[in-house]
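K.L.:
Take a look at the letters that make up each chain.
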Amino acid sequence: MNKSRVTLWAACVFIGLWLIAPTLIVIPMSFNEQRSLAFPPKGFSLRWFENFFSDAQWLGGFLNSVQIALLTAVLATVLGTLAAYGLFKVKGIRESIGRNFLIIPMIIPSVIFGVGLYSLFLRLGLVGTLPGFLIAHTALAVPYVVVTVGSTLAAYNVSLERAAWVCGANKFRAFIGVTVPMLMPGILSGAFFAFITSFDEVVVSMFISSPYLQTLPVTMFAGMQREVDPTIAAAATLIMITTTAAAIGGILSQHLKRKRT
Amino acid sequence: MSTKQSRTAVLAWPALLLVALGFIVPVAIILVMSVTDPQPGTQNFEWLATNSTAHDIMWRTIYIAVLATLITAVLAYPFAYLMATSSTLVRSILMVVVLLPFWTSMMVRAFAWIIILQKNGLLNTVLGAFGIEPLTILGTNTAVLIGMCQILMPFMVLPMVSVMVGIDSRLPLAARIMGAPKWKAFLQVYFPLSLPGVFAGSLIVFILSLGFYVTPALLGSPRQQLIPNALFTQVLELLSWGKGGALAVATLVMVGAVFLLLFLVAKVMGIKIGKIGGGL
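Quick mapping for you: the protein sequence lines, in order, are chains B and L.
Heads up, the first sequence is in my numbering, so the first residue is 1 and it goes up one at a time.
Heads up, the second sequence is in my numbering, so the first residue is 1001 and it goes up one at a time.
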């Protein structure tokens, strides 16, 4: 390796560390023995995790988040897969309009969406309700599924589905039996990303939550503005483990696709 | 064929309907409120045009977005270049390095920066060991930029890489053979060819920078508000929906203007926007 290449590598290692390493600091902080967020943490204890799982607010937030994220993943995956397939079948201008329309939620700042949704939900009585959260989070997560399934579809060999028709399968059976399994890598990674989108969402959730129904990031955000509480570090560690596992799942399922096609 | 096509298109309707009713309608409501709340009229835009605090907030938002874009571009370029010029294996590993943080909670990352940058945090502990006075970074725009740029990196790296992998590596080589020194071959051959990726990434990052709420709220100062934070305060604390709506309109006008620019640049330079979006 020549000199400029070495310099390039050195710079990129630093950039990579800046991207990944700082976040890992929450892990040692969550095992702190003292009620402090000062660095370095002193001693080792599980008290903040105990505190997390015995506190109704934290545990409630966590369970709400898991439930909402799982339901969102299912809803967004079904709606997004159908949409990607439907748009794939109609070529031309209608396809590109539909596709661009479906990625609008990725572009508009979530504060604007959140405040508008809050106004709408106040009128409909959906603030602090499960259906309210599902509508908000699914709308935010659908674009990711449309993108991942759409990119799998781009490499999909349509003649396989035709073969199923020729062999006597009806459209529905061909779709479920041939198309869906072929698209599985895109569908799976879309589902993982939809889960994370919901599990991490904080801005919109802050607007539409109530003291009775809060998600974990909302509880965490409120806690961070209120006091120094290492339980927040425990919550951060749990969120990070959950989303990192889901992200690895999402990235790996996309690689599944590359190997097969 | 056309009837068959429209029957399959029905499959897209539930998702389209959800985005229309669950996303577009709420956004439209807050935009409309800018001219209807507290009473019909343009008072909220007059406030936006004449109030000095509102001016400060808007200029600060644009200033931070420009800085974030420049910093991210400078840091992302060498990283993307390394990715584009490495073997497939190294490229996949670097891709994971970029994508993992992309999917890590913004909240967790802001919290981590608080631990690092606070008065008795990691940074000052390390500086103290070298006998350097503690720095006050938390609660400043510097902290906001550090946190924002870290989150924005993937949006800059991915469009850059997608353009760079398409550059024929024989072109800079040809320049070398013709006697150009290394830096000249890079600067006059490779760099211009990579510019579409730089532009696309910059415009995406700029648009996203306008909408950051969590990072400025947690790492910045309440006296140095950005548009999203001001919007939040106006609506939830001051119950001034109209002013919040006006701020939303201002943001969307900026996003729209930059998006138009992205579209034109993409058209002129012949990049597929879908490709960039798909990369995310």
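One or more hints might be untrue.
Sample of chain L residues facing chain B (criterion: CB under 7 Å; computed from the structure) [said to hold, decoys possible]: (1) Leu-1017; (2) Phe-1023; (3) Pro-1026; (4) Leu-1070; (5) Ala-1073; (6) Leu-1089; (7) Ile-1093; (8) Val-1097; (9) Ala-1129; (10) Ile-1132; (11) Gln-1225.
Computed cross-link-like contacts, DSBU-like style, restricted to lysine-lysine with a CA-CA straight-line distance of at most 35 Å [claimed, not checked]: (12) Lys-3(B) / Lys-89(B); (13) Lys-1182(L) / Lys-91(B); (14) Lys-1267(L) / Lys-1184(L); (15) Lys-42(B) / Lys-1267(L); (16) Lys-91(B) / Lys-1119(L); (17) Lys-1119(L) / Lys-1182(L); (18) Lys-1182(L) / Lys-89(B); (19) Lys-1119(L) / Lys-3(B); (20) Lys-171(B) / Lys-91(B).
For the record, the hints were derived by calculation from the structure and aren't laboratory data.
For glycine and all other residues, C-beta sits at the position ideal for the given N, C-alpha and C.
K.L.:
For each hint, tell me whether it holds in the structure or not.
P.N.:
A quick look at each hint next to the structure:
Checking Leu-1017(L) against chain B by beta carbon gives a least distance of about 9 Å; that is not within 7 Å, so the hint is violated. The criterion of a C-beta within 7 Å of any C-beta in chain B is met by Phe-1023(L), whose closest approach is roughly 4 Å, and the hint holds. For the restraint placing Pro-1026(L) at the interface with chain B, the shortest Cβ-Cβ distance is roughly 3 Å, inside the 7 Å limit, so the hint holds. Annotation: interface hint on Leu-1070(L) violated; nearest CB of chain B at approximately 15 Å, more than 7 Å.
The beta carbon of Ala-1073(L) comes no nearer than 13 Å to any beta carbon in chain B, farther than 7 Å, and the hint placing it at the interface is violated. Restraint check, Leu-1089(L) versus chain B: the minimum CB separation of about 12 Å is more than 7 Å; hint violated. The criterion of a C-beta within 7 Å of any C-beta in chain B is not met by Ile-1093(L), whose closest approach is roughly 10 Å, and the hint is violated. Proximity of Val-1097(L) to chain B holds as hinted, the smallest CB-CB distance being about 5 Å (cut-off 7 Å).
Using the Cβ-Cβ criterion of 7 Å, the hint placing Ala-1129(L) at the interface with chain B is not satisfied: the shortest such distance is roughly 11 Å. Because the closest C-beta pair between Ile-1132(L) and chain B is about 16 Å apart, greater than 7 Å, the hint is violated. Hint on Gln-1225(L) is violated. Least Cβ distance to chain B is approximately 12 Å, over the 7 Å limit. A C-alpha spacing of about 52 Å is found between Lys-3(B) and Lys-89(B), which places the hinted pair above 35 Å, so the restraint is violated.
At most 35 Å may separate the alpha-carbon atoms for a hinted pair to count; Lys-1182(L) and Lys-91(B) exceed this at roughly 46 Å. For a cut-off of 35 Å, the pair hint linking Lys-1267(L) to Lys-1184(L) stands: about 28 Å separates their Cα positions. In summary, the hint linking Lys-42(B) to Lys-1267(L) is not supported, as the alpha carbons are separated by about 57 Å, beyond the 35 Å threshold. Of the supplied pair hints, the one linking Lys-91(B) and Lys-1119(L) is violated, its CA atoms being roughly 58 Å apart against a limit of 35 Å.
Proposed proximity of Lys-1119(L) and Lys-1182(L) is contradicted: the alpha carbons are some 45 Å apart, above 35 Å. Distance check on the hinted pair: Lys-1182(L) and Lys-89(B) sit about 49 Å apart at the alpha-carbon level, beyond 35 Å; violated. With a CA separation close to 39 Å, the supplied pair Lys-1119(L) and Lys-3(B) exceeds the 35 Å bound. The straight-line distance between the Cα atoms of Lys-171(B) and Lys-91(B) is roughly 19 Å, inside the 35 Å bound, and the hint therefore holds.
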